[in-house]
Amino acid sequence: MTTRRQLLLAGGAAGLALALAGHPALAADAATAFIDDLGGRAIAVLADKSLSEQQRETDFRDLFLLAFDVSAIGQFVLGRYRRTATPEQIEEFNRLYTVDVVKTYSRRLSQYAGEQLQTLGSEVLEGETLVRSQIVSPKGGAPVQVGWRLTGTPGNYKIVDVVIENLSMRSAQREDFGSVISNGGMDALLAGLKKKNGIS
Amino acid sequence: MKQSRVNGTAVATVRPVRRRFGRLVAAGVTLLLLAGVVSGCATKPPASDTEAVVEFERRNDPIEPLNRYVFEVNRFFDFMLLKPVAVVYRSITPDRVQNGVRNFLNNLRSPIILANDLLQGDLGRARITTARFITNTIVGVGGIYDFASHIGYPRHDEDFGQTLATWGVSEGPYLVLPLLGPRPPRDLIGLAVDQAFDPLTYVLPANDAEEVGYGLLAADVIDSRARGIEALDEIEASSIDLYATIRNLYRQRRAAAIENRDDAPADMTHAPQ
Chain A
1 MTTRRQLLLA
11 GGAAGLALAL
21 AGHPALAADA
31 ATAFIDDLGG
41 RAIAVLADKS
51 LSEQQRETDF
61 RDLFLLAFDV
71 SAIGQFVLGR
81 YRRTATPEQI
91 EEFNRLYTVD
101 VVKTYSRRLS
111 QYAGEQLQTL
121 GSEVLEGETL
131 VRSQIVSPKG
141 GAPVQVGWRL
151 TGTPGNYKIV
161 DVVIENLSMR
171 SAQREDFGSV
181 ISNGGMDALL
191 AGLKKKNGIS
Chain B
1 MKQSRVNGTA
11 VATVRPVRRR
21 FGRLVAAGVT
31 LLLLAGVVSG
41 CATKPPASDT
51 EAVVEFERRN
61 DPIEPLNRYV
71 FEVNRFFDFM
81 LLKPVAVVYR
91 SITPDRVQNG
101 VRNFLNNLRS
111 PIILANDLLQ
121 GDLGRARITT
131 ARFITNTIVG
141 VGGIYDFASH
151 IGYPRHDEDF
161 GQTLATWGVS
171 EGPYLVLPLL
181 GPRPPRDLIG
191 LAVDQAFDPL
201 TYVLPANDAE
211 EVGYGLLAAD
221 VIDSRARGIE
231 ALDEIEASSI
241 DLYATIRNLY
251 RQRRAAAIEN
261 RDDAPADMTH
271 APQ
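For the record, the sequence lines run as chains A and B.
Our numbering applies: residue 1 is where the first sequence begins, and numbers increase by one.
Our numbering applies: residue 1 is where the second sequence begins, and numbers increase by one.
Hint data in this document are derived by calculation from the structure and do not stem from the laboratory.
No residue lacks a Cβ here, since even glycine has one placed at the ideal position from N, Cα and C.
Some hints here could point you the wrong way.
Partial pick of chain A residues on the chain B-facing surface, computed with a CB cut under 8 Å [to be verified]:
id	residue
1	Thr104
2	Lys139
3	Gly140
4	Gly141
5	Asn166
6	Glu175
7	Asp176
8	Gly192
Cross-link-like lysine to any residue pairs, in silico, SDA-like; alpha carbons within 20 Å at most [said to hold, decoys possible]:
id	chain 1	residue 1	chain 2	residue 2
9	A	Lys195	B	Leu242
10	A	Lys139	B	Phe147
11	A	Lys139	B	Val97
12	A	Lys139	B	Phe104
13	A	Lys139	B	Asp267
14	A	Lys139	B	Asn99
15	A	Lys194	A	Ser71
16	A	Lys103	B	Asp233
17	B	Lys44	A	Asn183
18	A	Lys103	B	Ala237
19	A	Lys195	B	Ala237
20	A	Lys139	B	His150
21	A	Lys139	B	Pro94
22	A	Lys194	B	Glu236
23	A	Lys196	B	Asp233
24	A	Lys139	B	Val88
25	A	Lys139	A	Ile164
26	A	Lys139	B	Ile229
27	A	Lys194	B	Leu242
28	A	Lys103	B	Ala231
29	A	Lys139	B	Tyr89
30	A	Lys195	B	Glu234
31	A	Lys139	B	Thr93
32	A	Lys158	A	Arg132
33	A	Lys194	B	Ala237
34	A	Lys139	B	Ala264
35	A	Lys196	B	Glu234
36	A	Lys103	B	Ile240
37	B	Lys44	A	Ser182
38	A	Lys158	A	Asn94
39	A	Lys139	B	Arg96
40	A	Lys195	B	Glu236
Just need the whole structure built from these sequences, with the hints factored in.
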């Protein structure tokens with residue numbers, strides 16, 4: 001147990017050092033390298049004590065908007081309701097949803113407590129590239145399995161779904177939003193997004 | 001469903017519900033369902049709106065208003081009692097002890113997993129479950145240490161709901177039960193049958209030790225809830241309609257469990273060379 005933990009720690013420290021030094025880590029393929037690089041950059045922002053709170057938020061925002069295909073995810077989660085919404089509603093949705101994605105992932109990252117992101121390789125699945133990874137907690141216990149679904153080609157990958165322990169986040173959100181819209185219309189969803197993110 | 005960090009709902013992870021308690025819940029559920037037939041049916045969209053009909057059928061939640069009501073009652077119970085207890089448990093119990101409790105409870109579940117491995121005709125996994133049970137009971141000091149997972153016998157979970165699914169039985173309409181959380185008919189039957197597979201169901205009453213069963217149940221509920229605190233908080237924070245989100249996550253989690261996509265990865269750290 002002790003040797004295993006020491007090994008993990010040593011491996012983790014080495015991985016972190018590599019990531020922080022800006023190396024593309026030891027990735028076998030471009031998609032895996034993309035996720036490795038992203039994880040390294042997110043941790044670098046978190047670890048940089050010289051950043052003000054505001055600067056950190058801005059950095060995260062830039063990072064997420066670069067890495068996630070927010071408009072594609074937005075289209076997916078709206079599903080069939082996209083066709084019946086007015087252009088103004090769609091425009092407002094895109095604005096609010098961008099804020100929402102940035103806020104959600106900033107919140108998740110802000111709970112960071114020394115975990116390691118270890119990539120485990122990639123495969124092509126239903127026209128998308130799935131990068132498998134696991135998050136190892138310094139507290140021990142079973143690692144959390146996280147999959148990243150990417151679209152695009154090497155060099156311009158974008159994340160379209162995050163799959164945590166086999167749970168697709170975009171699928172859950174489509175059901176969430178679909179339920180809100182079918183009960184109260186598109187305006188109920190826009191109001192809900194505003195309320196959730198504290199936008200007036 | 002291994003030590004699920006993303007729990008269906010607070011009380012969805014109640015696994016080995018034992019005996020009388022289960023019957024009590026079943027009686028309550030029957031009453032609630034009768035009431036639901038009268039008052040709690042979802043409105044079916046008109047047949048002319050084909051897309052809406054397709055969505056209604058995919059959602060498969062004919063008593064949605066009643067389910068939502070029970071869901072809110074469960075959330076209230078969780079907020080008032082279960083979550084505070086889980087928070088205290090986690091704050092006063094060292095990580096090592098928590099992991100020991102979880103390993104011990106998991107080990108006790110082995111006979112249920114074995115029975116379902118066999119019913120699914122999966123002899124390879126049945127062998128792993130047996131090896132795990134023997135290894136962890138002896139080397140792992142009664143199951144407190146999960147030594148088997150470090151010698152290439154990773155943990156997997158099975159239940160009779162999953163077995164029914166592999167036999168081709170569909171989940172049935174979505175159902176949220178008091179205290180138990182999401183439990184569609186197939187998984188509810190699974191829960192009852194798993195009790196029959198559990199030796200403790202017979203051993204404990206025969207020794208006048210039913211309290212032990214309640215203690216184990218309480219430990220399981222509290223430990224499972226404690227493991228899902230952050231995950232559930234996060235789901236609450238990131239969803240607008242929590243009920244609909246949980247319904248989707250429950251089904252995704254069951255689908256992964258049925259297809260055995262939820263197994264822990266193999267670890268050979270301490271395996272003999």
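Status of the hints after comparison with the structure:
no.	hint	verdict
1	Thr104	holds, 5 Å
2	Lys139	holds, 5 Å
3	Gly140	holds, 6 Å
4	Gly141	holds, 6 Å
5	Asn166	holds, 4 Å
6	Glu175	holds, 4 Å
7	Asp176	holds, 4 Å
8	Gly192	holds, 4 Å
9	Lys195(A) x Leu242(B)	holds, 14 Å
10	Lys139(A) x Phe147(B)	holds, 18 Å
11	Lys139(A) x Val97(B)	holds, 12 Å
12	Lys139(A) x Phe104(B)	holds, 19 Å
13	Lys139(A) x Asp267(B)	holds, 18 Å
14	Lys139(A) x Asn99(B)	holds, 11 Å
15	Lys194(A) x Ser71(A)	holds, 18 Å
16	Lys103(A) x Asp233(B)	holds, 15 Å
17	Lys44(B) x Asn183(A)	holds, 13 Å
18	Lys103(A) x Ala237(B)	holds, 10 Å
19	Lys195(A) x Ala237(B)	holds, 11 Å
20	Lys139(A) x His150(B)	holds, 17 Å
21	Lys139(A) x Pro94(B)	holds, 11 Å
22	Lys194(A) x Glu236(B)	holds, 16 Å
23	Lys196(A) x Asp233(B)	holds, 14 Å
24	Lys139(A) x Val88(B)	holds, 18 Å
25	Lys139(A) x Ile164(A)	holds, 19 Å
26	Lys139(A) x Ile229(B)	holds, 16 Å
27	Lys194(A) x Leu242(B)	holds, 16 Å
28	Lys103(A) x Ala231(B)	holds, 16 Å
29	Lys139(A) x Tyr89(B)	holds, 17 Å
30	Lys195(A) x Glu234(B)	holds, 16 Å
31	Lys139(A) x Thr93(B)	holds, 13 Å
32	Lys158(A) x Arg132(A)	holds, 15 Å
33	Lys194(A) x Ala237(B)	holds, 13 Å
34	Lys139(A) x Ala264(B)	holds, 17 Å
35	Lys196(A) x Glu234(B)	holds, 13 Å
36	Lys103(A) x Ile240(B)	holds, 14 Å
37	Lys44(B) x Ser182(A)	holds, 12 Å
38	Lys158(A) x Asn94(A)	holds, 17 Å
39	Lys139(A) x Arg96(B)	holds, 9 Å
40	Lys195(A) x Glu236(B)	holds, 13 Å
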